[in-house]
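Student: Each chain, letter by letter, is given below.
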Amino acid sequence: MNTENLKGVVVSVARSSLDVAKQSYEIGRKEFLGHWKTKRLLGLGLTFAALFLLISIIASYVTSRAIAKAGGYFSSSEFPNAGAMILMIVYTVTYFVIPLLAITLSFDSIVGEWQNKTIFLLLSKPVRRVSVVLGKLGGAFASIGVIFLPVAIIGYIAILVNLNTAGVDVYWSDIGRTFASFGIILLGLAAFASLGLLVSTMTKTTTSSIIRSAISWLVLFPMIGYSGSLIAVLYEKLPTESALAKTTLYLNPGYCMKAATSVIAPELYRFEEFSAFLPFVGVPASVGTSVLMLLLFTVLCTAGAGVIFWGRNLE
Amino acid sequence: MSVVETVKLNKIYKGKKGRVHALKNVDLEIKKGDIFGFLGPNGAGKTTFTKLMMGFIRPSGGTITVFGEEVCDSNFRIRERIGLVPDQFGFYPNMTGEEHLDYYGRLFGFSKEVRQERRYSLSELVGLDERIGSRVKEYSHGMRQRLAIAQALINEPELIIFDEPTVGLDPVAAHQTRVLLKKLAGEGTTVFLSSHILHEVEDVCKTVGIIDRGRLLRVAGIGELKKEIKGASGVSVRIRCIGLTEGLLEGVRRIRGVSRADAGGDELVVFLNSPEVVADITSHLFSGGARITSVMEETPDLEKIFLDIVGGSR
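Same order as they appear, the protein sequences are chains E and G.
To convert, note that position 83 of the first sequence is 83 in this note's numbering; the numbers rise steadily by one, no gaps.
To convert, note that position 257 of the second sequence is 257 in this note's numbering; the numbers rise steadily by one, no gaps.
Note that these hints are calculated values from the structure, not bench results.
Any given hint might turn out to be false.
25 angstroms max Cα-Cα, derived SDA-like pairs, lysine to any residue [as the list claims (entries may be wrong)]:
1. 32/G - 164/G
2. 117/E - 139/G
3. 117/E - 131/G
4. 39/E - 98/G
5. 112/G - 205/E
6. 22/E - 14/G
7. 137/G - 311/E
8. 112/G - 19/E
9. 117/E - 311/E
10. 206/G - 72/G
11. 37/E - 205/E
12. 14/G - 72/G
13. 22/E - 116/G
14. 22/E - 179/E
These numbers were taken from a predicted model, which means no experiment stands behind them.
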């Protein structure tokens with residue numbers, strides 16, 4: 001290939017990428033605005049916001065007063081950071097609601113276009129199918145992201161204010177960790193939105209899509225995650241039983257999201273040895289592996305959705 | 001210059017119930033500026049052809065080119081120059097008509113000014129200007145159809161494809177759509193109109209392609225087709241006269257060159273082998289005491305042409 005040809009290929013790829021980016025943005029923008037017009041997002045989003053803020057405020061108020069009364073117990077305990085501990089409580093809601101929101105907004109993203117026959121007008125325009133997939137994912141992600149991030153920040157501020165006013169030590173240096181934990185939750189959001197998107201391209205009705213997405217989230221992936229633990233229990237003499245149990249846990253994006261807890265409370269790693277066999281009780285997840293797996297999960301689901309959507313005839 | 005060209009185009013659908021050969025070796029050429037009517041009964045293969053033109057489905061054999069380029073899903077340059085009003089379509093119910101036009105304009109990458117100008121001009125063109133700000137879920141079927149036409153024109157297309165544009169519309173809305181179609185055609189856009197409504201095609205199109213069970217049976221100008229039918233079945237005249245008797249009718253039937261004569265009230269329809277016989281008929285009626293009020297040549301309509309061609313193929 002000579003230089004001219006190479007240059008031509010590079011220019012063509014760059015132009016195509018720019019087109020994809022622009023169209024994805026437009027489709028994502030429409031999705032974002034569309035989600036805000038539906039009661040679905042408003043209802044679930046407000047419920048999430050209310051729960052997050054309520055738990056943040058009540059938990060921090062009660063905890064801070066209790067700590068203050070006990071003479072600053074947490075400042076010298078195994079969990080020195082009271083703020084982190086309160087966030088851990090708040091995250092128990094987040095780990096459930098964020099995947100629920102992600103799936104709720106993405107399960108009909110592609111199949112809905114098919115069912116409502118809007119796909120014919122959309123694809124009669126010079127739109128690449130990959131742009132549709134990326135736009136839909138981006139739209140769902142942004143819609144929930146703009147609810148989660150401000151709510152999480154306000155909730156965290158409420159926690160800090162409550163601790164501070166009660167005279168409990170506030171670890172200002174942990175703000176970075178807190179934001180990192182928000183980042184992991186956003187990654188989890190992307191992973192579940194891409195799961196909903198993938199299922200949405202594979203199904204022919206919205207009902208089938210919501211059922212399959214919910215089953216994948218609540219049953220299939222947790223089962224895959226715990227399969228290693230089950231094998232380890234069944235074949236006790238396997239030398240790698242513990243490693244196997246831990247490894248398969250990361251195949252469940254719901255588990256990987258819990259790395260947000262590990263980020264704000266790294267002290268939990270002390271329980272790592274038995275954690276793999278007690279996956280139901282506050283298992284600490286490795287941050288690096290979790291982030292990697294969430295990214296991988298998002299990329300694979302999105303790519304899968306793209307390939308399936310690309311291959312579908314508009315019959 | 002041809003806008004659409006197909007060579008031995010085939011489409012086979014494979015389903016649970018077996019294979020359906022939707023298009024069989026279709027060779028067709030649509031020239032620039034033509035107003036082409038694609039006529040066929042339901043299930044003839046019209047929508048399949050439309051979807052192939054748009055690259056929505058892939059051909060099972062043969063080729064289809066639009067603007068000289070082979071159609072495929074990834075060929076976006078073609079779709080930049082086409083507008084489509086599909087037979088089945090939907091809109092986002094919570095979005096207004098205006099928001100739809102803006103969204104589609106954005107997908108073409110138009111600037112804010114262009115989008116604004118097109119939104120205004122198109123909503124006026126299709127007669128939606130008063131309701132363009134309402135949510136689509138509040139639109140009637142006719143209003144949705146108008147919005148579908150408006151969105152198809154957002155890119156000022158060189159080729160506009162209408163697939164059954166008046167199905168389900170009330171007579172007034174259907175008439176308005178046809179008026180709009182003619183207006184567009186008059187502006188020099190190449191129009192492809194797929195329909196099973198004969199008078200619609202006759203009213204709007206210059207050229208007609210007749211398709212049945214996946215086979216393209218005939219492509220010709222409407223005038224040419226009418227001439228052919230006339231040539232095959234001869235000329236017929238409709239004569240209105242007062243004082244027509246059974247004796248006079250028998251006399252007409254005996255005139256050389258008359259193949260058939262039917263009477264109903266004051267009207268007489270005479271089928272002729274040659275048009276020169278008309279003078280003999282009128283003088284016969286006149287001399288027999290009948291008073292002729294009008295003589296009109298009967299023109300075969302598209303329905304007759306269509307039935308002759310489709311019926312002949314079965």
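Student: If a hint holds in the structure, say so; if it does not, say that too.
Tutor: Here is how each hint holds up against the structure:
| no. | hint | in the structure |
| --- | --- | --- |
| 1 | 32/G - 164/G | holds, 21 angstroms |
| 2 | 117/E - 139/G | holds, 16 angstroms |
| 3 | 117/E - 131/G | holds, 22 angstroms |
| 4 | 39/E - 98/G | holds, 22 angstroms |
| 5 | 112/G - 205/E | violated, 36 angstroms |
| 6 | 22/E - 14/G | violated, 36 angstroms |
| 7 | 137/G - 311/E | violated, 31 angstroms |
| 8 | 112/G - 19/E | holds, 17 angstroms |
| 9 | 117/E - 311/E | holds, 18 angstroms |
| 10 | 206/G - 72/G | violated, 28 angstroms |
| 11 | 37/E - 205/E | holds, 22 angstroms |
| 12 | 14/G - 72/G | holds, 20 angstroms |
| 13 | 22/E - 116/G | holds, 19 angstroms |
| 14 | 22/E - 179/E | violated, 29 angstroms |
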